[in-house]
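Once you've looked at the hints, dock chains B and C against the given chain A.
Okay, here's what each chain looks like letter by letter:
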Amino acid sequence: MIDATLHPDRLFPADPATRAIARSLFAKVEHMPIVSPHGHTDPTWWGDNPSFSNAADLFVIPDHYVVRMLVSQGVPFEDLGVGAATDPRAVWRRFAAHYHLFAATPSRLWLDHAFQTVFGLTQRLSETTADMFYDAIGAALATEACKPRALYDRFGIEAIATTDSALDDLAHHRAVRDSDWSGRVVPTYRPDACVDPEFDGFTDNLARLGEITGCDTTTWAGYLDAHRARRACFIELGATATDHGHPTAATLDLPQDEAAALFARVSRNAGAPGDAEAFRAQMLTEMARMSVDDGLVMQLHAGSSRNHSDMVHARYGRDRGFDIPARTDFTGGLRPLLNAVGMDSRLTLILFTLDESTYARELAPLAGAYPCLRLGPPWWFHDSYEGMLRFRERVTETAGFANTAGFNDDTRALCSIPARHDVARRVDCAFLAQQVVTHRLSEEEAHALIPDLTTGLAKKAYNL
Amino acid sequence: MIDATLHPDRLFPADPATRAIARSLFAKVEHMPIVSPHGHTDPTWWGDNPSFSNAADLFVIPDHYVVRMLVSQGVPFEDLGVGAATDPRAVWRRFAAHYHLFAATPSRLWLDHAFQTVFGLTQRLSETTADMFYDAIGAALATEACKPRALYDRFGIEAIATTDSALDDLAHHRAVRDSDWSGRVVPTYRPDACVDPEFDGFTDNLARLGEITGCDTTTWAGYLDAHRARRACFIELGATATDHGHPTAATLDLPQDEAAALFARVSRNAGAPGDAEAFRAQMLTEMARMSVDDGLVMQLHAGSSRNHSDMVHARYGRDRGFDIPARTDFTGGLRPLLNAVGMDSRLTLILFTLDESTYARELAPLAGAYPCLRLGPPWWFHDSYEGMLRFRERVTETAGFANTAGFNDDTRALCSIPARHDVARRVDCAFLAQQVVTHRLSEEEAHALIPDLTTGLAKKAYNL
Amino acid sequence: MIDATLHPDRLFPADPATRAIARSLFAKVEHMPIVSPHGHTDPTWWGDNPSFSNAADLFVIPDHYVVRMLVSQGVPFEDLGVGAATDPRAVWRRFAAHYHLFAATPSRLWLDHAFQTVFGLTQRLSETTADMFYDAIGAALATEACKPRALYDRFGIEAIATTDSALDDLAHHRAVRDSDWSGRVVPTYRPDACVDPEFDGFTDNLARLGEITGCDTTTWAGYLDAHRARRACFIELGATATDHGHPTAATLDLPQDEAAALFARVSRNAGAPGDAEAFRAQMLTEMARMSVDDGLVMQLHAGSSRNHSDMVHARYGRDRGFDIPARTDFTGGLRPLLNAVGMDSRLTLILFTLDESTYARELAPLAGAYPCLRLGPPWWFHDSYEGMLRFRERVTETAGFANTAGFNDDTRALCSIPARHDVARRVDCAFLAQQVVTHRLSEEEAHALIPDLTTGLAKKAYNL
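Protein chains in written order, with our numbering: chain A, 520 to 983; chain B, 520 to 983; chain C, 520 to 983.
Pulled out of the complex, with its shape left as it was, chain A reads as follows (with noise of 0.2 Å):
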């Protein structure tokens, strides 16, 4: 058996006298908590604490990341339990003779910190070791310090956002609230399948939407109460935030008039080619004013080109790896969102994207420019040690630090939560030193920001 025990020094320059600086940085942050302002794990866990019940189905099968690896390598779904009943052992099995693929990627980073500090297993995941891991991690998903809210504990979390419908009756939230858990787990307001014309069941989110408020979203007045209401409840919960997932980040600012006929025309399925994207583009505009008005931090998510396979998405549905990112203009496409409120010090407006060329040309500009924009960390596939030194590298020189949220785990998958938070201040910490050691930055001055990168600045940007 191979040991895989994690390196203290892993993810540190390799340059000694660079690696000493970032050890001391280190130090600083390495225990401070856990602030995860966004993310998606499951309300469920939160509310109900209930148990998990192996480790197929909490490492593998609602992994999109581990899913589309092995699709690529020629596993079908059904092997992986997706679109099939299939055994968890031999979905276990089938992963672990292929962990091999997941070198130097950042799933493997995270898989082997869980599986070392959650589950105290040190050696390297293979067909070997497969069954010998399935039955540890089983043993210990029985116990009650594997328990959701336990871990919370045991991961140091001190806050918690989850991702939430639009639609959501928030009940696990109220299950929270209500209980004698200390846990602060908050709602964060997603009103995707009630803005974008071309989700599933659009029209009939509306009118679930008009049930839940009362308001008559039937008009385009109606309408905008209905998430004037439904934020109103988000903020009741606990909520600073929304989130908007969109293929891009188009803005529009029309004319009530106009935005109330076309509001009239997606609403009745009526729509025009172009008005589904007019649409999301106006309500982007929309949300903005409504986070001037009741002070929700606003995300936007852009430019994911989601279900890219047809037949992935009819026969295994949505989440399975198949979204692929694509090209995104945020230079002309916030500018009708900007020039609304863009200059507005109430608005909070958090970017986020997948096309890294973005960088360094128009989002650190737009975000060292207007005071309404924050940088949200790098974003999905960008989550990584890589993606992590470019995004600072491109980003850093034009917005400064000031002018980013710190970092968000973004994740459904619950024991990879510290590990990308220590991932995340791993590379700060290298970043920071490398800043130090060619003397664009003191160490008094790493010493006094690695805080903020770690927790601060994401309690400032989400109001935490």
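Since the hints were made in silico from the structure, they are not lab data. In this text, a Cβ means the ideal position worked out from N, Cα and C, and glycines have one as well. Treat the hints with caution; some may be incorrect.
As the list claims (entries may be wrong) - Simulated restraints on C-beta separations:
| # | chain 1 | residue 1 | chain 2 | residue 2 | range |
| --- | --- | --- | --- | --- | --- |
| 1 | C | R529 | A | R931 | 56 to 62 Å |
| 2 | C | D528 | B | A661 | 54 to 60 Å |
| 3 | A | R931 | C | T641 | 44 to 50 Å |
| 4 | C | D576 | B | R931 | 52 to 58 Å |
| 5 | B | S543 | C | R529 | 17 to 23 Å |
| 6 | C | M830 | B | H832 | 41 to 47 Å |
| 7 | C | R787 | B | H832 | 52 to 58 Å |
| 8 | A | G702 | B | H832 | 55 to 61 Å |
| 9 | B | E730 | C | G593 | 36 to 42 Å |
| 10 | B | D794 | C | A751 | 51 to 57 Å |
| 11 | A | D522 | B | H958 | 54 to 60 Å |
| 12 | C | T563 | B | S543 | 47 to 53 Å |
| 13 | B | A669 | C | G593 | 55 to 61 Å |
Said to hold, decoys possible - Just a sample of chain A residues kept apart from chain B, beta carbon distances all over 10 Å, derived:
| # | residue |
| --- | --- |
| 14 | D528 |
| 15 | D534 |
| 16 | A536 |
| 17 | S543 |
| 18 | P562 |
| 19 | H583 |
| 20 | D598 |
| 21 | T647 |
| 22 | D719 |
| 23 | T767 |
| 24 | D813 |
| 25 | L857 |
| 26 | R959 |
Positioned in the frame of chain A, the structure of chains B and C alone reads:
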């Protein structure tokens, strides 16, 4: 008070062997004269040699890098003396209190360098040291040693180009020529105001161009003649170059009758959609043809979406830090111009971009083929340590060094000139040291190249 | 004379600990055989085994990297023997006098390697050494040891693919097969001339394709059959792959009656605007379907704007260094093809790009999901030290190593083949060493991976 003395090894690589090579290269060029073939210093300074008034007027209010960063963090323009008459000491204190925002930005490198080398201030600027800095800088500015021509000499400037409207009377350049001062200050022909139909006052500018030159600028032929006449005046005062700031790199080479018809439309404010862009595109090719004739080196600065915020533009004017880059297409855009005159050895066209994704994909392949093309140094947001390294890493393998045009400081901030050249020289030494230590260049080759990168290539590209 | 002996540590990282790991990895693969699954060597060499004539004909005149660099610095094509019969020694002297232009380019690495390892010349090429080099190379070329088949053996080539027109009679490949030489030289089916309606002589090419195959290429069905027939001929002579050079990555999957109508238009030269692009796009999907049937691995080289200068094309022909990359959209472009056959395990489609911004944004996510996709190595301008590092850094974290296709030298310059593989192996060792020293991979994993990166992945991807 915190010591902020510049470290002699700043910006050199961390690895000791690589650093030693960088140091030895830098020793060769550290004190070479400054050649500044493109920039925006005020000709009044050189013609009249006035005293600067105070630290805020020198370092804060006119510096769009500084102002936009403070605005991005919620400081109102008015508090920075923009759009309001504000006590300069109050402006300075506000700037000093926010100086930490500039950590890890080029502005910090430039400002610290100027504070120390021009004013002898080696502490870190902060709320605590604000008044001390303000007073010391103010006292120095009152002396002869801090007047523009004295700074030119102290900075070791060998030649500097300003950037001047086609409508400028060049009186200050004439004053320099007619003075007994030995500084070499040359104008640069920047005709945007008379070439871009979307420029404020375009039609008035055409009329004015006619008055100045005696040409009939209501006709296409007369309009072109007017440009020829103005270029001749610039040449007479030492100009060696033109400069063109365009939103895109589009060029056109229309038949002359179509070009004349296009001019007729835009000059009468009767342009159709697309005419403004077409006219700018056509004029780049016309200007290239004029350069073939009169020998002026042509510069194209493409890709800035100027005045992105309507409100900032309306209330505070141009150049306030709200110009945001956008994607730029050089491969398709330049083709008509290059087909017209791209193989003519009499033309030099220096390209600048804000879209780094074009470095390796478009600019290096273009410059590594067409004899007329040279690549300008990293521009604006990319005039930075990381930006310069990215430029060299992406461009050199395809275009070599000889197809680049050396360094431009491109600044209106006089005291930052030595700092900017210092940064560029250090980064080039770091880059070459990296080449040497990985045995891609010999140390002798690096020593032969570094003076070229420092001033040789700039003098050659700009005929200075 | 300047010593230019290749340093054994060239291209390895500066940090001593990292360098030591790179050295140890390289020791394992330095002398492994060369597998060259994609390239442009002349089949005549392998079929006839002629002598090369002189240094200029071998190293300068046919090398578009060399010619374009000299042209970019003002050397006329004619002086380089292009478009004029020029004394080869004069061409060589001109090249030698400008050899400094190649400092820090891959061409320098390749040429120095060839001079030293093939011809034993360890001085730096320059005006001074020009004649000495010319004579020494000329003398060597007259010997048996420098004939193509001998070089194949000296270079340790295990298999090499050429790239051949769909209209080629493959006589030289037949000659190799029927000879007693043991070299493995296989053709690659490149049908651009019969697939791209904008290719010179397209309609004549269709007629010729009909003649060769006996298929009725005036009909859509007959035309597709003709491709099938030619592919079968290629397969019979050892081909394992096809190759497609397209200006974009656009694909289409039209209903067959629409495809037939489109073919009818373009084959009669009656295409509407957009038809040529649509036909190329449709044909990629048709070729993918044929690959599903006959097992040929498909390669797509997308994104070059060929013959950017009309004058150079008209006067000096194709492949003169005036092909310029442009932005390429894989996410949208490939979707129709991938929806048609992207989940079929019988297909392998290897993607190449000149637009590095697609590495992390599009190509790695696509290859990390679709089972048919593999990523080809950095192509053309990016076949370089920095280019290869960027590729690994941007691709690996999302796609892993197994979704890449190993190295291609992709060259028509026979003597550069060992040099190119040497560079690729060194960069991969440098990359893996960096992974090891930052504890992202164990040293054992790196040792297990390096033979795969060297030849294993290439053999697997290309079925060689």
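Verification of the supplied hints:
Between R529(C) and R931(A) the beta carbons are some 46 Å apart, a value that contradicts the proposed interval 56 to 62 Å. In this structure the supplied range 54 to 60 Å holds for D528(C) paired with A661(B), their Cβ-Cβ distance being about 57 Å. Restraint check, R931(A) to T641(C): a C-beta distance of roughly 59 Å breaks the suggested window 44 to 50 Å. A hinted range of 52 to 58 Å for the beta carbons of D576(C) and R931(B) is consistent with their spacing of about 54 Å.
Look at S543(B) against R529(C): about 20 Å separates their beta carbons, and that is inside 17 to 23 Å. Remark: the range hint 41 to 47 Å for M830(C) to H832(B) is upheld by a beta-carbon distance near 42 Å. The beta-carbon spacing between R787(C) and H832(B), approximately 54 Å, falls within the hinted interval of 52 to 58 Å. Checking the proposed 55 to 61 Å range against G702(A) and H832(B) shows it is violated: the Cβ atoms sit about 48 Å from each other.
Evaluation of the 36 to 42 Å hint for E730(B) and G593(C) yields a pass: the beta carbon distance comes to about 41 Å. Between D794(B) and A751(C) the beta carbons are some 56 Å apart, a value that agrees with the proposed interval 51 to 57 Å. Take D522(A) and H958(B): their Cβ atoms lie about 36 Å apart, and the range 54 to 60 Å is violated. Roughly 50 Å separates the CB atoms of T563(C) and S543(B), a value that falls within the hinted 47 to 53 Å.
Checked against the given bound of 55 to 61 Å, the beta carbons of A669(B) and G593(C), roughly 41 Å apart, lie outside it. Here D528(A) stays apart from chain B, with its beta-carbon at least about 16 Å from theirs, past the 10 Å limit. With 10 Å as the threshold on Cβ separation, the claim that D534(A) sits away from chain B is violated: the shortest Cβ distance comes to roughly 4 Å. At the 10 Å boundary, the C-beta of A536(A) falls inside the reach of chain B, the nearest C-beta of that chain being 6 Å off.
Separation of S543(A) from chain B is adequate, the least Cβ-Cβ distance of about 15 Å exceeding the 10 Å criterion. At roughly 34 Å, the least C-beta separation between P562(A) and chain B is larger than 10 Å, which holds for a residue marked as non-interface. For H583(A), the non-interface assignment is confirmed: its Cβ lies about 27 Å from the closest Cβ of chain B, beyond the 10 Å cut-off. Annotated as non-interface, D598(A) keeps its C-beta farther than 10 Å from every C-beta of chain B; the closest such distance is 39 Å.
Every CB of chain B lies more than 10 Å from the CB of T647(A), the least distance being 39 Å, so the non-interface label holds. With a minimum CB-CB distance of about 32 Å to chain B, D719(A) clears the 10 Å threshold, and the non-interface call stands. With a minimum CB-CB distance of about 14 Å to chain B, T767(A) clears the 10 Å threshold, and the non-interface call stands. Once the 10 Å rule is applied to beta carbons, D813(A) is consistent with being away from chain B; the minimum gap is 20 Å.
Against the 10 Å criterion, L857(A) falls within the reach of chain B, whose nearest CB is about 6 Å from its own CB. Residue placement check: R959(A) does not keep its beta carbon more than 10 Å from all beta carbons of chain B (closest about 6 Å).
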